[in-house]
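There are 2 protein chains.
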Amino acid sequence: MSLPESLPESLADKTVAVLGGTGPQGRGLARRFADAGLPVVIGSRSAERANETAETLAGATGGKVTGADNAGAAEVGDIVVVAVPWDGHGDLLRDLASALAGKVVVDCVNPLGFDKKGGFALEVEEGSAAQQAESLLPDSTVVAAFHHVSAVQLEDPEVTSVDTDVLVLGDVREATDLVQDLASAIAGVRGVYGGRLRNAHQVEALTANLISVNRRYKAHAGVRVTDI
Amino acid sequence: MSLPESLPESLADKTVAVLGGTGPQGRGLARRFADAGLPVVIGSRSAERANETAETLAGATGGKVTGADNAGAAEVGDIVVVAVPWDGHGDLLRDLASALAGKVVVDCVNPLGFDKKGGFALEVEEGSAAQQAESLLPDSTVVAAFHHVSAVQLEDPEVTSVDTDVLVLGDVREATDLVQDLASAIAGVRGVYGGRLRNAHQVEALTANLISVNRRYKAHAGVRVTDI
Numbered sequence: 001m002s003l004p005e006s007l008p009e010s011l012a013d014k015t016v017a018v019l020g021g022t023g024p025q026g027r028g029l030a031r032r033f034a035d036a037g038l039p040v041v042i043g044s045r046s047a048e049r050a051n052e053t054a055e056t057l058a059g060a061t062g063g064k065v066t067g068a069d070n071a072g073a074a075e076v077g078d079i080v081v082v083a084v085p086w087d088g089h090g091d092l093l094r095d096l097a098s099a100l101a102g103k104v105v106v107d108c109v110n111p112l113g114f115d116k117k118g119g120f121a122l123e124v125e126e127g128s129a130a131q132q133a134e135s136l137l138p139d140s141t142v143v144a145a146f147h148h149v150s151a152v153q154l155e156d157p158e159v160t161s162v163d164t165d166v167l168v169l170g171d172v173r174e175a176t177d178l179v180q181d182l183a184s185a186i187a188g189v190r191g192v193y194g195g196r197l198r199n200a201h202q203v204e205a206l207t208a209n210l211i212s213v214n215r216r217y218k219a220h221a222g223v224r225v226t227d228i
Numbered sequence: 001m002s003l004p005e006s007l008p009e010s011l012a013d014k015t016v017a018v019l020g021g022t023g024p025q026g027r028g029l030a031r032r033f034a035d036a037g038l039p040v041v042i043g044s045r046s047a048e049r050a051n052e053t054a055e056t057l058a059g060a061t062g063g064k065v066t067g068a069d070n071a072g073a074a075e076v077g078d079i080v081v082v083a084v085p086w087d088g089h090g091d092l093l094r095d096l097a098s099a100l101a102g103k104v105v106v107d108c109v110n111p112l113g114f115d116k117k118g119g120f121a122l123e124v125e126e127g128s129a130a131q132q133a134e135s136l137l138p139d140s141t142v143v144a145a146f147h148h149v150s151a152v153q154l155e156d157p158e159v160t161s162v163d164t165d166v167l168v169l170g171d172v173r174e175a176t177d178l179v180q181d182l183a184s185a186i187a188g189v190r191g192v193y194g195g196r197l198r199n200a201h202q203v204e205a206l207t208a209n210l211i212s213v214n215r216r217y218k219a220h221a222g223v224r225v226t227d228i
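So the protein lines, in turn, are chains D and F.
For the first sequence, our numbering begins at 1 and goes up steadily by one.
For the second sequence, our numbering begins at 1 and goes up steadily by one.
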């Protein structure tokens with residue numbers, strides 16, 4: 001399969017696995033990656049549900065989308081996006097550490113709690129979900145990205161261009177460059193370097209603020225960085 | 001003095017005090033408030049330095065800018081912007097608690113540390129600088145805002161329009177509305193509600209990420225919220 005002209009060389013021959021690919025965020029990202037012409041593997045706890053979602057997305061995008069359980073998806077992905085709920089994030093990654101060795105793992109998990117006053121950031125012992133991933137996956141290269149992209153917009157086929165930047169954080173330049181390319185492969189999106197992994201907490205937690213924005217303005221807010 | 005047409009009713013007869021108004025951020029904000037036609041009082045530890053800065057800004061903007069020590073500025077301001085270094089933030093506010101009673105206090109302090117790897121968020125016992133202000137100023141209404149506005153851009157007279165949104169956080173609607181108006185009084189800037197004060201930490205800390213962006217892209221990055 002030849003790559004669409006818009007895809008950069010860095011993504012040639014790369015398969016993207018999306019763990020938690022049957023949830024709204026994972027499904028939305030998978031759809032956009034498939035739209036961009038990348039082969040995608042949907043991972044889920046249930047291979048059956050993953051296959052169902054994959055079939056739907058393959059039909060909707062005309063792309064190459066397959067399904068597997070999370071372990072199977074982790075095995076075949078060159079870039080592995082982690083889009084699972086925070087509850088269970090640590091256990092899943094601990095289980096998959098050897099399957100994920102040597103790979104770029106893109107954590108987009110937001111550890112948030114909710115009460116009557118709305119969303120708020122949960123305390124994470126390691127500092128952030130991304131740093132928890134880093135500590136559980138010593139043989140992987142962890143990058144944090146895709147925290148603020150609206151699942152509603154990603155999943156809406158009427159939204160042909162997603163109006164947001166994606167902040168990409170990590171400590172290995174080659175990996176953050178790759179994930180910036182992956183983000184920029186989504187129509188409308190620009191991948192922007194956003195700092196080291198130790199500064200991931202506030203990027204994850206900012207999602208609580210965007211939820212407040214969404215409630216106040218009846219919107220699906222994203223973030224653009226100016227002057228770059 | 002009649003208000004410029006662009007200023008909303010909420011800011012009529014309001015004097016803005018800027019504590020730490022001789023530092024780059026405070027000076028830059030004071031310049032833009034004066035540009036907008038608001039009476040501004042520069043506060044500083046040294047009334048003499050405050051007067052010098054006030055004189056310079058009055059000359060540059062043609063606005064009404066005066067100087068005082070921080071306590072004097074806190075007394076006369078209707079809206080009091082706190083733009084002091086994090087180191088000393090708590091002591092200053094504790095001293096000024098009675099002068100600030102009944103007022104809207106706008107905290108724009110970013111508790112950051114720096115090492116060879118760049119900037120990072122400091123831990124704050126109360127959760128954030130804004131929450132520390134709230135705990136020290138029980139009779140004031142604390143709002144968090146202006147964390148990400150580039151001092152370089154604010155101070156540059158060639159920058160006629162500052163390309164950024166200002167996230168405004170707080171628990172009292174009337175006060176966040178007022179500070180959104182204050183932010184929007186700066187040419188180019190839009191004040192956007194950004195959630196409750198308990199979610200201020202990540203907004204303050206995100207400044208570390210923007211510093212990384214500035215280094216990588218040689219920019220003075222700001223943030224725009226999309227879809228609103």
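Hints are not guaranteed to be accurate.
[Unchecked claim] Straight-line Cα separation of at most 27 Å, DSSO-like style, residue types lysine-lysine; simulated pairs: (1) D:K117 <-> F:K116; (2) D:K14 <-> D:K116; (3) D:K103 <-> F:K103.
[Said to hold, decoys possible] Examples of chain F residues lying across from chain D (beta carbon under 10 Å, computed): (4) K117; (5) A121; (6) S150; (7) Q153; (8) T160; (9) T164; (10) L169; (11) D171; (12) V172; (13) A175; (14) Y193; (15) G195; (16) E204; (17) V213; (18) G222.
No lab work stands behind these hints, which were simulated from the structure alone.
Please read these numbers as outputs of a predicted model, since none were measured by experiment.
Every residue gets a Cβ at the ideal spot worked out from N, C-alpha and C, and that includes glycine.
Margin query: When the structure is checked against the list of hints, which entries are broken? Sort them ascending.
Written below: When the structure is compared with the hints, numbers 1, 2, 3, 8, 12 and 13 turn out to be violated.
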